[in-house]
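Using the sequences provided together with the hints, build the complete structure.
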Amino acid sequence: MKKKLIGALLCVSMVASMLAGCGNNSSNTPANSGTTDDAATDDAATDDAADASDDGAASAEGGSVYYLNFKPEVDEVWQEIAAAYTEATGVDVKVVTAASGTYEQTLMSEIAKEDAPTLFQINGPIGYKNWKDYTLDLSDTDLYSNLTDKSLAVTGEDGGVYGIPYTVECYGIIYNDAIMQQYFAMDGAKATSIDEINNFDKLKEVVEDMQAKKDDLGIDGVFSNTSLLPGEDWRWQTHLANLPVYYELKDKNIDDTDAIEFTYSDNFKNIFDLYINNSTMAPTLLTAQDVTSSMAEFALGQSAMVQNGNWAWGQISGVDGNVVKEEDCKFLPIYTGVSGEENQGLCIGTENFWSINKNADPADIAATKEFVNWLISSDEGKDDMVNKLGNTAPFSTFTEAERPSDPLAKSMFESMESGKTAVNWMFTIFPSQDFKDDFGAALGEYCNGNYSWDDVKNVFVTRWAEEKTATE
Amino acid sequence: MQKTLKRYFLVFTLPTLVAFALAFIIPFIMGVYMSFCEFTTVDNAKFVGVSNYVKAFVGSNSFVSALGFTVKFVIVAILSINILAFALALVLTKKIRGTNIFRTIFFMPNLIGGIVLGYTWQQMLNAILLKYQTTLVSNSTYGYWGLVLLMNWQMIGYMMIIYIAGLQNVPTDLIEAAKIDGATSWQTLINVTIPMVMPSITICTFLTLSNSFKLYDQNLALTAGAPMHRTEMMALNIVNTFYGKTGFQGVGQAKAVIFFIIVAAIGAIQLVFTRNKEVDQ
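First to last, the protein sequences are chains A and B. All residue numbers in the first sequence are consecutive under the numbering used here, ending with 503. All residue numbers in the second sequence are consecutive under the numbering used here, ending with 547.
Calculated from the structure, these hints are not laboratory results. A quick note: this is a predicted structure, and the numbers were derived from the prediction, not measured. Treat the hints with care, as some may be off.
[Unchecked claim] Below, a sample of chain B positions facing chain A; criterion: calculated Cβ distance under 10 angstroms:
(1) A353
(2) V357
(3) T400
(4) T401
(5) S404
(6) T507
(7) Y509
(8) F514
(9) V517
[To be verified] What follows is a list of derived Cβ distance ranges for each label pair:
(10) S348(A) to L415(B): 50 to 56 angstroms
(11) S427(A) to G513(B): 32 to 38 angstroms
(12) E503(A) to I460(B): 28 to 34 angstroms
(13) I394(B) to G352(A): 24 to 30 angstroms
(14) T288(A) to T282(B): 53 to 59 angstroms
(15) T450(B) to T323(A): 54 to 60 angstroms
(16) S427(A) to I394(B): 53 to 59 angstroms
(17) E503(A) to V357(B): 58 to 64 angstroms
(18) Q399(B) to N489(A): 23 to 29 angstroms
(19) S140(A) to T279(B): 25 to 31 angstroms
Even glycine gets a Cβ: it sits at the ideal position worked out from N, Cα and C.
Written as structure tokens, this is what we have:
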């Protein structure tokens, strides 16, 4: 009898330890792959690659392309493009897409393999810091020479170009024009057209009045919920936080700093308070909300405004029962009460930079360069970039007609061409994901009444300094 | 017999040994080495000595607070899971109708993955807290008890099965003898049953201890450490360090090594401790 018991126990514990083993080893996976290369061969490969890029004439013959794609939503499109390119040129193109939110992890394990990605994506100067041992200097490529605004590229301390943006994006406050028109037509409306809203005071006046009349307008709140669930707070801890940082750095006339003062914290508080107090739900519930629910509220007409970017149209139109018409979906700049903001435009920038793996085979590197060049110069490639991938490609090879045509992209071009000053994306210099997460969590604490605004400000300033020193 | 076993030893164990070495021993040794390096991926590691271990304990996102939270959680989880599981096992070994159905039902939560459970419980708890206009991550106490609740729900059924196996093996003649000697049912439980099921208790405490200590999925899905890392357990802290900031992969790795040593040490001590209490039949 005892033997039986022991046997049973052993079985149970064995199964348990196996399961536990599977669950716990995930942090080790990058260490599992492609470990046989020793440092010597690596250095040699690096040198070869450097040589190849120096003379710039390495043949692409026999080379293949391996692109590690960042955006799961366009995975199918990339597979089609890859197949079409292979058919047309005979060059093998493999596209692998990392699951949402796991790009860094996937890249980390993929790039250590023998068959590593030749083309991958970094998210800006901070991403470059992490991947600088792998990124090739692209300054002599067609990709770089065709880039319309050279300042958009990621450059290293040595002056080399290591990341080139393939799309430009923007964000602001998306509003539903149908609801706005309904409000403007009401008696005692604080404004009569959207053009009158060109600073924070006016925005606040209108929003608070709309919130008071929400039942007449048939909405639950002016703004969609300020989603602050951990991992769903990037619209605030990254995008909204961009504005005060942009203005502070502009005042100081610098590009980056180790010690942020958060001088525009009151402006951040202005708009953040407006968001959370004129929303579809109480501030104390926001830490349980995600972006999807927030966008759904807008799509279903329960709210009139939501802060998000031009990529959001797909999400809005994809909601079942969407009531927002295409022509009613437009952008308003994010006003925070900074003086002179009447001329402020949308926040325009990018965090999608292509980089080429310098440790790849020279033939593969050459093939990769040809592939990206094909994407931005051939008619077929350009069509894929614009119409299938929805990229606003910042290259001189694209004409004005070659632009994405969704409503938010249109609104973005209107803003760009209106002569208003665009707010650059400065969040690519935010010190780390940890910093952003902590700031997001502090905002959550503020909504729950556990933190005063000074505490939030303190988190921003001290965590910035700590993370900047830690990641030096 | 012995000879044949020896002769075929390699044939039977080699595949397993190779697989074990490839999937476990080599990554493990590499992992320990990497904890002394600065790296982005495995092939650009630079040796930097013990600085990673120093960094693991300083800074605001330090290991120490995660360790504190983990210990607090583990103590409560071990006690509640084992006591409740044992109580259930006692009830379900009595001759009442439908015990098999109940056993199955209690065991079922164990078949669901941690991430799914975490999100499900997050939704349920938030729905309840909605009544009080608050959320699960508004206060670290909610997150803490939510996690305890979740782990209990998931693990009790599993531990119950092990206790049932143990209880069924307690010889009836011992119980009868105790009864004839005039022992109350409480005395029988304390002095006869529990010493006899000590092997089960050893296994169960070990499993709950190690599972609670290295809890990750449920923690990630339920609160993800919010608010402000105050419900962040050690495994989550390691992952956040590894992927959270540039150049901190080595520090994450160092934390993982420390974590391994702590878990191994506690496990070993606990095994020795409970083994001493086991009795032979």
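Those earlier numbered hints the structure runs against, lowest number first: 1, 2, 10 and 12
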